[in-house]
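Engineer: Here are the chains, one letter per residue:
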Amino acid sequence: AQSVTQLGSHVSVSEGALVLLRCNYSSSVPPYLFWYVQYPNQGLQLLLKYTTGATLVKGINGFEAEFKKSETSFHLTKPSAHMSDAAEYFCAVSETGNQFYFGTGTSLTVIP
Amino acid sequence: DGGITQSPKYLFRKEGQNVTLSCEQNLNHDAMYWYRQDPGQGLRLIYYSQIVNDFQKGDIAEGYSVSREKKESFPLTVTSAQKNPTAFYLCASSRIDAANYGYTFGSGTRLTVV
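Residue numbers (this note's numbering), protein chains in the order written: chain A, 1 to 112; chain B, 1 to 114.
Please keep in mind that the hints were generated in silico from the structure rather than gathered at the bench. Hints may be right or wrong, so weigh each one.
[Claimed, not checked] Pairs of lysine to aspartate or glutamate, DMTMM-like flavour, derived with a Cα cap of 25 Å: (1) B:Lys83 / B:Asp30; (2) B:Lys14 / B:Asp54; (3) A:Lys49 / B:Asp30; (4) A:Lys58 / A:Glu15; (5) A:Lys69 / B:Asp97; (6) A:Lys58 / A:Glu71; (7) B:Lys57 / B:Glu72; (8) A:Lys49 / B:Asp59; (9) A:Lys68 / B:Asp97; (10) B:Lys9 / B:Glu24; (11) A:Lys49 / B:Asp97; (12) B:Lys57 / B:Asp97; (13) A:Lys68 / A:Glu88; (14) B:Lys57 / B:Asp38; (15) B:Lys71 / B:Asp59; (16) B:Lys9 / A:Glu88; (17) A:Lys49 / A:Glu95; (18) B:Lys57 / A:Glu95; (19) B:Lys70 / B:Asp30; (20) A:Lys58 / B:Asp97.
[Stated by the list, open to error] Which residues of chain A face chain B? A few of them, derived with a C-beta cut under 10 Å, are: (21) Val4; (22) Lys49; (23) Asn61; (24) Ser70; (25) Gln99.
Ideal Cβ placement from N, Cα and C applies to all residues, glycine included.
Please work from the sequences and hints to get the whole structure.
Structural biologist: Here's what the structure looks like:
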């Protein structure tokens, strides 16, 4: 069965500091992995995705994530946080590529 | 510009009423989805459809119904059987190979029971 665990429902970082949002998954086959961002009262926007190939994936707004099969992880990082990065972030996994399962989300606060 | 339109943005329902949430897309996507979002619980799948006139139950389909009469439209009805309908509802669509492109989401409908 597929599942996604996002450690830390709330993360706070100072402006300019490293952002690290954690995502671990369980899957019986190599999964498809996505990160989405949600701003208040809006839908989700795709940040980046891993399907096959290079395990370090770059996305929009300076975010990147690395697929580590041995650790079943797909953590999201950004070297330097901006105030505009404050939002909720969701990790999603799929074994088939059709139906995705979403984590419970991590709310990122950026402190000026 | 192509996208997904959800309406209304805010909806209030009285106890015992059925309400219908609209979702329309002009992306020519084959698949459409309905998710429910509650604080601290992430997104939970209600129904999805990969082709016109066909749809499948998700993890929390009880108390909800859908139809897919047109490729562009996937309305969700919240029935009186849904005991706790207050939530944020998100509609999404994707190409049939969602793995390569991900989902496109609408901006959501916030439903409140009054």
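Engineer: Give a verdict on every hint.
Structural biologist: These are the hints, each one checked on the structure:
{"no.": "1", "hint": "B:Lys83 / B:Asp30", "verdict": "31 Å, violated"}
{"no.": "2", "hint": "B:Lys14 / B:Asp54", "verdict": "30 Å, violated"}
{"no.": "3", "hint": "A:Lys49 / B:Asp30", "verdict": "20 Å, holds"}
{"no.": "4", "hint": "A:Lys58 / A:Glu15", "verdict": "21 Å, holds"}
{"no.": "5", "hint": "A:Lys69 / B:Asp97", "verdict": "23 Å, holds"}
{"no.": "6", "hint": "A:Lys58 / A:Glu71", "verdict": "19 Å, holds"}
{"no.": "7", "hint": "B:Lys57 / B:Glu72", "verdict": "19 Å, holds"}
{"no.": "8", "hint": "A:Lys49 / B:Asp59", "verdict": "24 Å, holds"}
{"no.": "9", "hint": "A:Lys68 / B:Asp97", "verdict": "23 Å, holds"}
{"no.": "10", "hint": "B:Lys9 / B:Glu24", "verdict": "13 Å, holds"}
{"no.": "11", "hint": "A:Lys49 / B:Asp97", "verdict": "13 Å, holds"}
{"no.": "12", "hint": "B:Lys57 / B:Asp97", "verdict": "19 Å, holds"}
{"no.": "13", "hint": "A:Lys68 / A:Glu88", "verdict": "23 Å, holds"}
{"no.": "14", "hint": "B:Lys57 / B:Asp38", "verdict": "19 Å, holds"}
{"no.": "15", "hint": "B:Lys71 / B:Asp59", "verdict": "23 Å, holds"}
{"no.": "16", "hint": "B:Lys9 / A:Glu88", "verdict": "19 Å, holds"}
{"no.": "17", "hint": "A:Lys49 / A:Glu95", "verdict": "14 Å, holds"}
{"no.": "18", "hint": "B:Lys57 / A:Glu95", "verdict": "18 Å, holds"}
{"no.": "19", "hint": "B:Lys70 / B:Asp30", "verdict": "10 Å, holds"}
{"no.": "20", "hint": "A:Lys58 / B:Asp97", "verdict": "21 Å, holds"}
{"no.": "21", "hint": "Val4", "verdict": "8 Å, holds"}
{"no.": "22", "hint": "Lys49", "verdict": "6 Å, holds"}
{"no.": "23", "hint": "Asn61", "verdict": "16 Å, violated"}
{"no.": "24", "hint": "Ser70", "verdict": "22 Å, violated"}
{"no.": "25", "hint": "Gln99", "verdict": "7 Å, holds"}
Figure legend: structure checked against the earlier numbered hints; hints not met, in rising order: 1, 2, 23, 24.
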